[in-house]
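Enquirer: Listed below, chain by chain, are the residues.
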Amino acid sequence: GQQLNQSPQSMFIQEGEDVSMNCTSSSIFNTWLWYKQDPGEGPVLLIALYKAGELTSNGRLTAQFGITRKDSFLNISASIPSDVGIYFCAGVNTDKLIFGTGTRLQVFP
Amino acid sequence: GAGVSQSPSNKVTEKGKDVELRCDPISGHTALYWYRQSLGQGLEFLIYFQGNSAPDKSGLPSDRFSAERTGGSVSTLTIQRTQQEDSAVYLCASSLLAGQYNEQFFGPGTRLTVL
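Which chain is which? The protein sequence lines are A and B, in order.
The numbering of the first sequence is the numbering used here, which starts it at 1 and goes up by one.
The numbering of the second sequence is the numbering used here, which starts it at 1 and goes up by one.
No wet-lab data here; the hints were simulated from the structure.
One or more of the hints may lead you astray.
Cut-off 16 Å, straight-line C-alpha distance, at most; resulting in silico cross-link-like pairs (EDC-like, lysine to aspartate or glutamate) [said to hold, decoys possible]: (1) B:K17 <-> B:D56; (2) B:K57 <-> A:D83; (3) B:K57 <-> B:E44; (4) A:K36 <-> A:D83; (5) B:K11 <-> B:E85; (6) A:K36 <-> B:E14.
Just chain A, with the same shape it has in the complex (with noise of 0.2 Å):
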């Protein structure tokens, strides 16, 4: 099926660093969302973006709707190591979600 293209594959960070990672298409997207999983969990929502362009933040999260609508980017400011986990972007087509390939974020103390 199709995927997203999610980048990087995998991060590992020291505690308190920043991170930022990127999710592109080839089709353009209405609404852009953002999840986190956990081990032997399912994926949980982190943001969602509804308009090109926009910027929404939640706590140390901000995420950010490409212009083109081909694009978002999300970032982690001041990580801790909670925020380990894989992230998934994932855009809405129609009656579906298409995921990324998503980004496994190790944190070092």
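Once you've looked at the hints, dock chain B against the given chain A.
Expert: Positioned in the frame of chain A, the structure of chain B alone reads:
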């Protein structure tokens, strides 16, 4: 509990056997979604239900895969004559109404291993 539940949490089966995976959505949620997550990959849409009907079955990988939902609640995903490439985590999600992606809640998944 109040969340989406799935059973079993883990299933190991032999190639060629049939398996049934169950999803209990959040009470009152009319929309139910099935996804497959292969190792190290993102989620791949399989099928969704609005009530008991499935408007979009386009993601089902082959005719060995089928799903049903009865009573507008519990859904079962059936894989017949399992193959090794069917090994994955199968995730279910529900939302109050179809299209409410910002209100779509996921279950913990069923990890299927086909030997």
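Enquirer: Hints broken by the structure, by number, lowest first?
Expert: 1, 2, 6
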